[in-house]
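Please take these sequences and the hints and turn them into a complete structure.
Number of protein chains: 2
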Amino acid sequence: RLVLHTGQGTRDHPPAQVALRDRLLRAVVSCFKRHGAAAIDTPVMELRETLMGKYGEDTKLIYELQDQGGELLALRYDLTVPFARYLAMNKVTNMKRYHVAKVYRRDNPATTRGRYREFYQCDFDIAGQFDPMIPDAECLKIVHEILTELQLGDFVIKVNDRRILNGVFAICGVPESKFITACSTVDKLDKVPWEEVRSEMVGEKGLSPEAADRIGEYVQLHGGLDLIEQLLQDPKLSQNKLAKEGLGDMKLLFEYLTLFGITGKISFDLSLARGLDYYTGVIFEAVLLQQQNEHVDELLGVGSVAGGGRYDGLVGMFDPKGRKVPCVGVSIGIERIFSILEQRLVASGEKLRTTETQVLVATPQKRLLAARLKLISELWDAGIKAEMLYKKDPKLLKQLQYCEDTGIPLAAIVGEQELADGVVKLRDVSTREEVRM
Amino acid sequence: RLVLHTGQGTRDHPPAQVALRDRLLRAVVSCFKRHGAAAIDTPVMELRETLMGKYGEDTKLIYELQDQGGELLALRYDLTVPFARYLAMNKVTNMKRYHVAKVYRRDNPATTRGRYREFYQCDFDIAGQFDPMIPDAECLKIVHEILTELQLGDFVIKVNDRRILNGVFAICGVPESKFITACSTVDKLDKVPWEEVRSEMVGEKGLSPEAADRIGEYVQLHGGLDLIEQLLQDPKLSQNKLAKEGLGDMKLLFEYLTLFGITGKISFDLSLARGLDYYTGVIFEAVLLQQQNEHVDELLGVGSVAGGGRYDGLVGMFDPKGRKVPCVGVSIGIERIFSILEQRLVASGEKLRTTETQVLVATPQKRLLAARLKLISELWDAGIKAEMLYKKDPKLLKQLQYCEDTGIPLAAIVGEQELADGVVKLRDVSTREEVRM
Numbered sequence: 001r002l003v004l005h006t007g008q009g010t011r012d013h014p015p016a017q018v019a020l021r022d023r024l025l026r027a028v029v030s031c032f033k034r035h036g037a038a039a040i041d042t043p044v045m046e047l048r049e050t051l052m053g054k055y056g057e058d059t060k061l062i063y064e065l066q067d068q069g070g071e072l073l074a075l076r077y078d079l080t081v082p083f084a085r086y087l088a089m090n091k092v093t094n095m096k097r098y099h100v101a102k103v104y105r106r107d108n109p110a111t112t113r114g115r116y117r118e119f120y121q122c123d124f125d126i127a128g129q130f131d132p133m134i135p136d137a138e139c140l141k142i143v144h145e146i147l148t149e150l151q152l153g154d155f156v157i158k159v160n161d162r163r164i165l166n167g168v169f170a171i172c173g174v175p176e177s178k179f180i181t182a183c184s185t186v187d188k189l190d191k192v193p194w195e196e197v198r199s200e201m202v203g204e205k206g207l208s209p210e211a212a213d214r215i216g217e218y219v220q221l222h223g224g225l226d227l228i229e230q231l232l233q234d235p236k237l238s239q240n241k242l243a244k245e246g247l248g249d250m251k252l253l254f255e256y257l258t259l260f261g262i263t264g265k266i267s268f269d270l271s272l273a274r275g276l277d278y279y280t281g282v283i284f285e286a287v288l289l290q291q292q293n294e295h296v297d298e299l300l301g302v303g304s305v306a307g308g309g310r311y312d313g314l315v316g317m318f319d320p321k322g323r324k325v326p327c328v329g330v331s332i333g334i335e336r337i338f339s340i341l342e343q344r345l346v347a348s349g350e351k352l353r354t355t356e357t358q359v360l361v362a363t364p365q366k367r368l369l370a371a372r373l374k375l376i377s378e379l380w381d382a383g384i385k386a387e388m389l390y391k392k393d394p395k396l397l398k399q400l401q402y403c404e405d406t407g408i409p410l411a412a413i414v415g416e417q418e419l420a421d422g423v424v425k426l427r428d429v430s431t432r433e434e435v436r437m
Numbered sequence: 001r002l003v004l005h006t007g008q009g010t011r012d013h014p015p016a017q018v019a020l021r022d023r024l025l026r027a028v029v030s031c032f033k034r035h036g037a038a039a040i041d042t043p044v045m046e047l048r049e050t051l052m053g054k055y056g057e058d059t060k061l062i063y064e065l066q067d068q069g070g071e072l073l074a075l076r077y078d079l080t081v082p083f084a085r086y087l088a089m090n091k092v093t094n095m096k097r098y099h100v101a102k103v104y105r106r107d108n109p110a111t112t113r114g115r116y117r118e119f120y121q122c123d124f125d126i127a128g129q130f131d132p133m134i135p136d137a138e139c140l141k142i143v144h145e146i147l148t149e150l151q152l153g154d155f156v157i158k159v160n161d162r163r164i165l166n167g168v169f170a171i172c173g174v175p176e177s178k179f180i181t182a183c184s185t186v187d188k189l190d191k192v193p194w195e196e197v198r199s200e201m202v203g204e205k206g207l208s209p210e211a212a213d214r215i216g217e218y219v220q221l222h223g224g225l226d227l228i229e230q231l232l233q234d235p236k237l238s239q240n241k242l243a244k245e246g247l248g249d250m251k252l253l254f255e256y257l258t259l260f261g262i263t264g265k266i267s268f269d270l271s272l273a274r275g276l277d278y279y280t281g282v283i284f285e286a287v288l289l290q291q292q293n294e295h296v297d298e299l300l301g302v303g304s305v306a307g308g309g310r311y312d313g314l315v316g317m318f319d320p321k322g323r324k325v326p327c328v329g330v331s332i333g334i335e336r337i338f339s340i341l342e343q344r345l346v347a348s349g350e351k352l353r354t355t356e357t358q359v360l361v362a363t364p365q366k367r368l369l370a371a372r373l374k375l376i377s378e379l380w381d382a383g384i385k386a387e388m389l390y391k392k393d394p395k396l397l398k399q400l401q402y403c404e405d406t407g408i409p410l411a412a413i414v415g416e417q418e419l420a421d422g423v424v425k426l427r428d429v430s431t432r433e434e435v436r437m
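Just so you know, the sequences run in chain order A and B. Sequential numbering of the first sequence, starting at 1, is according to full-length UniProt numbering. Sequential numbering of the second sequence, starting at 1, is according to full-length UniProt numbering.
Please keep in mind that the hints were generated in silico from the structure rather than gathered at the bench. Treat the hints with care, as some may be off.
[To be verified] Listed next, the in silico EDC-like pairs over lysine to aspartate or glutamate satisfying Cα-Cα at most 20 angstroms (straight line):
{"#": "1", "chain 1": "A", "residue 1": "244", "chain 2": "A", "residue 2": "255"}
{"#": "2", "chain 1": "B", "residue 1": "374", "chain 2": "A", "residue 2": "255"}
{"#": "3", "chain 1": "A", "residue 1": "392", "chain 2": "B", "residue 2": "245"}
{"#": "4", "chain 1": "B", "residue 1": "395", "chain 2": "B", "residue 2": "335"}
{"#": "5", "chain 1": "B", "residue 1": "33", "chain 2": "A", "residue 2": "378"}
{"#": "6", "chain 1": "B", "residue 1": "33", "chain 2": "A", "residue 2": "255"}
{"#": "7", "chain 1": "B", "residue 1": "395", "chain 2": "B", "residue 2": "381"}
{"#": "8", "chain 1": "A", "residue 1": "244", "chain 2": "A", "residue 2": "229"}
{"#": "9", "chain 1": "A", "residue 1": "33", "chain 2": "B", "residue 2": "434"}
{"#": "10", "chain 1": "B", "residue 1": "392", "chain 2": "A", "residue 2": "131"}
{"#": "11", "chain 1": "B", "residue 1": "391", "chain 2": "A", "residue 2": "64"}
{"#": "12", "chain 1": "B", "residue 1": "374", "chain 2": "A", "residue 2": "131"}
{"#": "13", "chain 1": "B", "residue 1": "392", "chain 2": "A", "residue 2": "245"}
{"#": "14", "chain 1": "B", "residue 1": "60", "chain 2": "A", "residue 2": "64"}
{"#": "15", "chain 1": "B", "residue 1": "391", "chain 2": "A", "residue 2": "428"}
{"#": "16", "chain 1": "A", "residue 1": "60", "chain 2": "B", "residue 2": "404"}
{"#": "17", "chain 1": "A", "residue 1": "91", "chain 2": "B", "residue 2": "12"}
{"#": "18", "chain 1": "A", "residue 1": "33", "chain 2": "B", "residue 2": "22"}
{"#": "19", "chain 1": "B", "residue 1": "398", "chain 2": "A", "residue 2": "229"}
{"#": "20", "chain 1": "B", "residue 1": "366", "chain 2": "B", "residue 2": "335"}
[What the hints assert, rightly or not] Pairwise CB distance ranges, derived in the manner of DEER restraints:
{"#": "21", "chain 1": "A", "residue 1": "275", "chain 2": "B", "residue 2": "345", "range": "40 to 46 angstroms"}
{"#": "22", "chain 1": "A", "residue 1": "72", "chain 2": "B", "residue 2": "245", "range": "45 to 51 angstroms"}
{"#": "23", "chain 1": "A", "residue 1": "72", "chain 2": "B", "residue 2": "398", "range": "41 to 47 angstroms"}
{"#": "24", "chain 1": "B", "residue 1": "52", "chain 2": "A", "residue 2": "245", "range": "27 to 33 angstroms"}
{"#": "25", "chain 1": "B", "residue 1": "59", "chain 2": "A", "residue 2": "208", "range": "34 to 40 angstroms"}
{"#": "26", "chain 1": "B", "residue 1": "416", "chain 2": "A", "residue 2": "352", "range": "49 to 55 angstroms"}
{"#": "27", "chain 1": "A", "residue 1": "316", "chain 2": "B", "residue 2": "346", "range": "29 to 35 angstroms"}
{"#": "28", "chain 1": "B", "residue 1": "367", "chain 2": "A", "residue 2": "261", "range": "19 to 25 angstroms"}
{"#": "29", "chain 1": "A", "residue 1": "275", "chain 2": "B", "residue 2": "383", "range": "33 to 39 angstroms"}
{"#": "30", "chain 1": "A", "residue 1": "352", "chain 2": "B", "residue 2": "397", "range": "33 to 39 angstroms"}
{"#": "31", "chain 1": "B", "residue 1": "428", "chain 2": "A", "residue 2": "255", "range": "45 to 51 angstroms"}
{"#": "32", "chain 1": "A", "residue 1": "358", "chain 2": "B", "residue 2": "404", "range": "38 to 44 angstroms"}
{"#": "33", "chain 1": "B", "residue 1": "261", "chain 2": "A", "residue 2": "401", "range": "27 to 33 angstroms"}
Note that the structure is predicted; figures quoted are calculated from it, not measured. All residues carry an ideal CB built from backbone N, CA and C; glycine is no exception.
Here it is in structure tokens:
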């Protein structure tokens, strides 16, 4: 007999989970629509070569399809690269789009922490040549709106800029060829202390101890507008062209975020690096903060719930003439948020309805199937959500029990008397009140 | 440079298509919910062995993933087999569920006729041991409701029963080992004339000419209750146990469909066979009928827009102890319906909005970016769908042009005067009326 399970790191969603997830997705999508985004859809499988060389070390996590003759295909790893491919292929230079869909990564699943090999991403991106930092600020506003609306507890949105990071590396004596690898080491600072990051830099990555120490002085800084001003005055950093550009834009970003009234949740954090290769400017990541009343372990496991940044070079990688389309976008980590809300729902003991049925069509005596079929058909045709038991002669008690089990609020009862009188008895399942109509 | 396209038989959906598709999916899902179904979700990839041996000749169309270490996976071919696997794995014996998701087939794409290698299926299924034909009748009611609501034009739902077909084969002298292959030949009767089907039976499938001729007498029959009665009187067919059961249930089905008031669109058609192996009882298929005013070719290409049937043995194939869970279900051919609606939309010249933005925040003079950012932030926080151009100083004409291009009905204008007065000028884009508020 065959083994009966789903693939490693994937799972079924029973109705209660789908109901919760749909509620979550609706909230996210309604925010994306509030910001004027249109939806696109792209295939789950892309040409293998479309995905190669876009994800750095993580390229090995891509699921490839078997060569069954024809093209070599792979499952999409994220929604950003397919979006860039879409823009280049259709020569779109200007678009605000959202895309909610599943992506695939042959990662080591950590299912207790909401990490799976098949999972939803909810992406919002703005493509086009615009004035600096206006779309970037809107992405942060979106993260702020969604996390506030979902009432996940206190959060902070860390912001940095790849140009500032690269500037720091440059003035600390890191050769340009090591910028990306240094970035991925710095990115670990949210999980491990500086000493460990430092020893990885010196050991594995081969930076000099002096360079590592100088980097350490910068990447442990975080703050707001004051820190930006301070770094703009920094004698070495302000001499670096990229860093200066990045800092200038960061200042502008904070100006816009002040007008949006959300700087209270924003932290300019030089340790934020983000793993992916394709970022070129602003990067950001939203993190839930520890709640005092909850279990430390559970929340520590969740951490980042949204992230994104600017990737001005990606579309150009697909364009035959290398034409660039600047982009900035955000991805909401819906699976992690789902894990939190699910834990919370379980803890609260609240039961989510999985159907929307308004009325059960029931009969109290035998041989009334025809009456039930006739009535339910009329209800359906009138757009009313109605069910009946698929038995010829079910007991009334069983029918009312079904209402209670599944949360159906009303029962429409047709018995011999009601049939004779040409009426229906409508019963409120919880109060047991009845009216004939 | 890399090749810039999507995989063969797959496609991107730009915003206008997603908007139309979402409208269609909403109508289908709302019908499923009206009938009390809950949603489940299963992974896109299943274990390879879960899918093998379920689809007859079509097994070769399954997309397999590369062996990258670990389990052998394949992309789902339909939503029915994963549903059966879900029921068996979770020991669910009773469930009414819907599932709207993409499935994958390495078929020869006929994209002009709406046939793709990646496409949506919309499935509704009822699992459980119930009294005969009540869930089956509901599946037909659902097809009737959806096709009526979508206004696709006249249609007919063909109904047959695998037991009746097998009974016909048996009394015509076909050996039981050839029932399935005979089925798939009969199934072609909607596309080719009887003579061709007959010669395939005798030639490729090795039936005797006499058997083929006798089959031909039956499978060219179609009608209603009268035909059922006639076959119940048929001296040979009524002697066959399976056929008799099937005909008895067909009669019961027509009784229920009469109560639903939908027999006008139902045809008991002995030529209907359906390709898949797993059907065990009632089978059905909805076909759009030729419209006189439209292009013959286009509509002929579309044909079947929904189908389904009873599969009482499939769950048992997954259960370690072979326990059966009877199931009946329907799948709506959303991609074909989409093709029709899209052609119709193009023909009508109607333009579907791809965003829902209610108001554009605009400024008539320079240096008013701050005012725009402040106002739009207030609108977003109040739940209003608002956009602005991502330029520091856009021309008012450009801003109003954007409204007209994208169908935004209102513009909220803040100029120097409005700022001084503490008001906003609200402009109706189409009538050009303005109010200060």
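How the hints compare with the structure:
no. : hint                                : in the structure
1   : A:244 <-> A:255                     : holds (17 angstroms)
2   : B:374 <-> A:255                     : holds (11 angstroms)
3   : A:392 <-> B:245                     : holds (18 angstroms)
4   : B:395 <-> B:335                     : violated (43 angstroms)
5   : B:33 <-> A:378                      : holds (16 angstroms)
6   : B:33 <-> A:255                      : violated (47 angstroms)
7   : B:395 <-> B:381                     : violated (26 angstroms)
8   : A:244 <-> A:229                     : holds (11 angstroms)
9   : A:33 <-> B:434                      : violated (25 angstroms)
10  : B:392 <-> A:131                     : holds (6 angstroms)
11  : B:391 <-> A:64                      : violated (42 angstroms)
12  : B:374 <-> A:131                     : holds (17 angstroms)
13  : B:392 <-> A:245                     : holds (18 angstroms)
14  : B:60 <-> A:64                       : holds (18 angstroms)
15  : B:391 <-> A:428                     : violated (57 angstroms)
16  : A:60 <-> B:404                      : violated (47 angstroms)
17  : A:91 <-> B:12                       : holds (13 angstroms)
18  : A:33 <-> B:22                       : holds (14 angstroms)
19  : B:398 <-> A:229                     : violated (36 angstroms)
20  : B:366 <-> B:335                     : violated (49 angstroms)
21  : A:275 <-> B:345: 40 to 46 angstroms : holds (42 angstroms)
22  : A:72 <-> B:245: 45 to 51 angstroms  : holds (50 angstroms)
23  : A:72 <-> B:398: 41 to 47 angstroms  : holds (45 angstroms)
24  : B:52 <-> A:245: 27 to 33 angstroms  : violated (57 angstroms)
25  : B:59 <-> A:208: 34 to 40 angstroms  : violated (60 angstroms)
26  : B:416 <-> A:352: 49 to 55 angstroms : holds (52 angstroms)
27  : A:316 <-> B:346: 29 to 35 angstroms : holds (33 angstroms)
28  : B:367 <-> A:261: 19 to 25 angstroms : holds (21 angstroms)
29  : A:275 <-> B:383: 33 to 39 angstroms : holds (34 angstroms)
30  : A:352 <-> B:397: 33 to 39 angstroms : violated (50 angstroms)
31  : B:428 <-> A:255: 45 to 51 angstroms : violated (33 angstroms)
32  : A:358 <-> B:404: 38 to 44 angstroms : holds (42 angstroms)
33  : B:261 <-> A:401: 27 to 33 angstroms : holds (30 angstroms)
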